[in-house]
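Asker: Sequence:
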Amino acid sequence: MRKRQKFVLTALALAAGLWGIHAIPVALEWRYWLIALLVGISAVGSGWALREGLSGIEWLTVVLPPTLFAAGVGLFYILLPTHWLARLAIVTMFGVGQYALLLTANIFSVAAIRTIALFRAAGAVGFVMTMLTGFLLYDSILSFREAWWWSAPLVAIVSILLLLPALWSVEVENKISLKVIKYTVWLAVLQGLMAVAISFWPVSLTVASLFLTTMLYIYLGISQHHFSQRLFSRTVWEYVTIGVVVLVTMLITSAYG
594 MRKRQKFVLT ALALAAGLWG IHAIPVALEW RYWLIALLVG ISAVGSGWAL
644 REGLSGIEWL TVVLPPTLFA AGVGLFYILL PTHWLARLAI VTMFGVGQYA
694 LLLTANIFSV AAIRTIALFR AAGAVGFVMT MLTGFLLYDS ILSFREAWWW
744 SAPLVAIVSI LLLLPALWSV EVENKISLKV IKYTVWLAVL QGLMAVAISF
794 WPVSLTVASL FLTTMLYIYL GISQHHFSQR LFSRTVWEYV TIGVVVLVTM
844 LITSAYG
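Count along the sequence shown from 1, then add 593; that gives the number in the working numbering.
Honestly, the hints are just simulated from the structure, not real lab data.
Small disclaimer: the values here were computed from a predicted structure and weren't measured.
Don't take every hint at face value.
What the hints assert, rightly or not - With a Cα cut of at most 35 angstroms, we get these calculated DSBU-like pairs of lysine-lysine:
(1) Lys768 <-> Lys596
(2) Lys772 <-> Lys596
(3) Lys599 <-> Lys768
As the list claims (entries may be wrong) - Derived Cβ-Cβ restraints for the label pairs, each shown as a range:
(4) Lys768 <-> Ala629: 45 to 55 angstroms
(5) Leu678 <-> Ile617: 40 to 50 angstroms
(6) Met594 <-> Ile845: 26 to 36 angstroms
(7) Val689 <-> Ile845: 31 to 41 angstroms
C-beta atoms are modelled at their ideal positions from N, C-alpha and C, and glycine is treated no differently.
Please model the complete structure; the sequences and the hints are all you need to start from.
Answerer: Next up, the structure:
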């Protein structure tokens with residue numbers, strides 16, 4: 594079976610599994626176990642579809658993004674209204690997203706051996722999917738409405754899982770460098786602190802999730818430019834401007850306003 598056929602089969606199977614999570618008449622608590630099962634199947638399915646090009650650390654850095662995407666969409670999925678049209682849209686988006694991530698992962702796994710013309714395009718797609726996955730996971734964590742000492746560590750852990758493959762993909766080495774590890778840990782800690790700060794701010798769940806996603810966008814964007822030695826003052830100011838706009842929006846939409 595060709596790789597693309599494996600990618601399509603994996604994406605369709607996972608999309609069907611996501612639809613089945615709502616179709617099966619079980620209590621909400623059991624749906625979380627079904628999501629965990631879907632995440633496990635996503636990891637195994639992604640590894641199966643990509644195994645011909647994977648070696649060493651790539652089994653973590655390449656397989657992790659589609660697995661996290663399955664977790665993010667799955668957790669967000671059970672928060673949706675029961676209308677079938679809304680769920681169909683999410684399932685369709687999930688299937689397309691999984692296929693795109695598998696294509697991107699395939700490019701990264703081969704790029705570790707030789708240079709590929711599609712490498713930059715794959716990096717752009719991976720960056721966008723990291724932002725989308727981050728928003729879904731942050732939104733799911735904050736939706737539990739728990740205290741900051743519960744939500745902030747979870748945000749930091751999720752950020753580590755998001756940042757590690759995203760930073761590794763800039764240089765695509767056969768190992769995870771100490772530089773990547775340091776940046777991943779410190780940026781995740783900073784993201785956890787942002788989660789603490791936002792927990793005291795009277796904003797809606799969506800605004801809080803967008804704030805954390807925007808911070809992830811700034812951290813990761815600047816770091817990736819730095820890793821690729823293309824970080825200039827203009828680039829930094831562009832990211833800072835986005836951060837200021839989001840902060841002003843939060844101030845306007847908050848209850849203090």
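Asker: The structure should be examined with respect to each hint, and the outcome stated for every one.
Answerer: Checked hints:
1. Lys768 <-> Lys596: holds, 24 angstroms
2. Lys772 <-> Lys596: Satisfied, since the Cα-Cα distance of roughly 32 angstroms is no more than 35 angstroms.
3. Lys599 <-> Lys768: The given pair, whose Cα atoms are some 26 angstroms apart, holds under the 35 angstroms limit.
4. Lys768 <-> Ala629: 45 to 55 angstroms: Distance hint for lysine 768, alanine 629 is violated at roughly 29 angstroms.
5. Leu678 <-> Ile617: 40 to 50 angstroms: violated, 20 angstroms
6. Met594 <-> Ile845: 26 to 36 angstroms: 53 angstroms Cβ-Cβ, so the 26 to 36 angstroms window is violated.
7. Val689 <-> Ile845: 31 to 41 angstroms: Taking Cβ atoms as reference, valine 689 and isoleucine 845 lie about 34 angstroms apart, which means the hint holds.
Violation of the numbered hints given earlier is confined to hints 4, 5, 6; the remaining hints are satisfied by the structure.
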